[in-house]
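Listed here are the chains, written in short residue letters.
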Amino acid sequence: AQRVTQPEKLLSVFKGAPVELKCNYSYSGSPELFWYVQYSRQRLQLLLRHISRESIKGFTADLNKGETSFHLKKPFAQEEDSAMYYCALGGSNYKLTFGKGTLLTVNP
Amino acid sequence: GAVVSQHPSWVICKSGTSVKIECRSLDFQATTMFWYRQFPKQSLMLMATSNEGSKATYEQGVEKDKFLINHASLTLSTLTVTSAHPEDSSFYICSARGRMPYEQYFGPGTRLTVT
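Chains as they are written, first to last, in the numbering used here: chain E, 1 to 108; chain A, 109 to 223.
Heads up, some of the hints might be wrong.
DSSO-like, lysine-lysine: derived pairs with alpha carbons at most 27 Å apart [to be verified]:
(1) K95/E with K122/A
(2) K95/E with K128/A
(3) K174/A with K128/A
(4) K149/A with K57/E
(5) K174/A with K100/E
(6) K149/A with K15/E
(7) K172/A with K22/E
(8) K172/A with K100/E
Label-pair restraints from in silico Cβ distances [to be verified]:
(9) E54/E with S113/A: 25 to 35 Å
(10) K172/A with G29/E: 24 to 34 Å
(11) T223/A with S92/E: 31 to 41 Å
(12) K122/A with S40/E: 51 to 61 Å
(13) T165/A with P7/E: 44 to 54 Å
(14) T165/A with Y39/E: 27 to 37 Å
(15) R207/A with S92/E: 15 to 25 Å
(16) E160/A with H50/E: 25 to 35 Å
(17) T68/E with P116/A: 34 to 44 Å
(18) S123/A with K9/E: 23 to 33 Å
(19) A17/E with K174/A: 40 to 50 Å
(20) S30/E with E167/A: 16 to 26 Å
(21) I120/A with S55/E: 18 to 28 Å
Worth flagging that the hints you see were computed from the coordinates, not collected in a lab. All C-beta atoms, glycine included, are put in the ideal place defined by N, C-alpha and C.
Could you build all of it, start to finish, from the sequences and the hints given here?
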């Protein structure tokens with residue numbers, strides 16, 4: 001069965017500090033992994049996907065198949081990064097399995 | 109960009125009644141839509157996959173007779189919660205599949221409160 005684990009419910013950092021949101025997955029095939037973000041009072045939106053190897057809003061995420069991880073990183077956090085972040089794993093029929101989410105708070 | 113709307117955004121109904129939630133893709137056609145449920149401070153749980161012109165596929169543990177899904181057109185899917193009970197109170201979110209694999213555009217959600 002596929003599973004996504006985000007071990008931290010809450011993460012609090014100061015502005016300018018590095019931030020890493022952890023995500024581990026369990027999947028028997030070749031994984032498709034995503035990070036979604038939900039800002040306060042807004043809908044869920046895609047932040048980045050591993051296959052694109054892109055950097056969005058300064059965030060990057062590298063797929064590590066050996067550690068079955070897809071951690072989200074940003075070297076210098078900004079206050080506007082405060083949001084709920086969900087790691088998601090693609091499965092059959094294009095369905096997504098979401099982790100429980102990590103609430104990131106960036107303090108001034 | 110692709111926009112998905114939901115209506116209503118918030119609904120209160122009495123126990124035993126049915127309520128319908130609409131999900132629309134406003135500027136694109138979506139052959140597949142997904143319905144999720146989100147409990148407070150918890151993650152999204154996929155309830156069902158809705159394909160235009162065919163029956164919905166429900167996830168294990170989701171009562172298909174209770175949560176009726178209809179995807180009558182390429183821009184509209186509806187979720188009807190039948191004989192609602194207080195335990196059905198939740199936040200229901202739909203998404204529409206885009207062109208890229210696994211690309212999903214999410215609606216703003218509908219908060220259902222059953223009294």
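Hint check:
no.: 1; hint: K95/E with K122/A; result: violated, 32 Å
no.: 2; hint: K95/E with K128/A; result: holds, 23 Å
no.: 3; hint: K174/A with K128/A; result: holds, 12 Å
no.: 4; hint: K149/A with K57/E; result: holds, 25 Å
no.: 5; hint: K174/A with K100/E; result: holds, 25 Å
no.: 6; hint: K149/A with K15/E; result: holds, 25 Å
no.: 7; hint: K172/A with K22/E; result: violated, 35 Å
no.: 8; hint: K172/A with K100/E; result: holds, 24 Å
no.: 9; hint: E54/E with S113/A: 25 to 35 Å; result: holds, 28 Å
no.: 10; hint: K172/A with G29/E: 24 to 34 Å; result: holds, 27 Å
no.: 11; hint: T223/A with S92/E: 31 to 41 Å; result: holds, 38 Å
no.: 12; hint: K122/A with S40/E: 51 to 61 Å; result: violated, 31 Å
no.: 13; hint: T165/A with P7/E: 44 to 54 Å; result: violated, 31 Å
no.: 14; hint: T165/A with Y39/E: 27 to 37 Å; result: holds, 31 Å
no.: 15; hint: R207/A with S92/E: 15 to 25 Å; result: holds, 19 Å
no.: 16; hint: E160/A with H50/E: 25 to 35 Å; result: holds, 29 Å
no.: 17; hint: T68/E with P116/A: 34 to 44 Å; result: holds, 40 Å
no.: 18; hint: S123/A with K9/E: 23 to 33 Å; result: holds, 32 Å
no.: 19; hint: A17/E with K174/A: 40 to 50 Å; result: holds, 47 Å
no.: 20; hint: S30/E with E167/A: 16 to 26 Å; result: holds, 22 Å
no.: 21; hint: I120/A with S55/E: 18 to 28 Å; result: violated, 43 Å
Hints 1, 7, 12, 13 and 21 from the list above are not met by this structure, while the remaining hints are.
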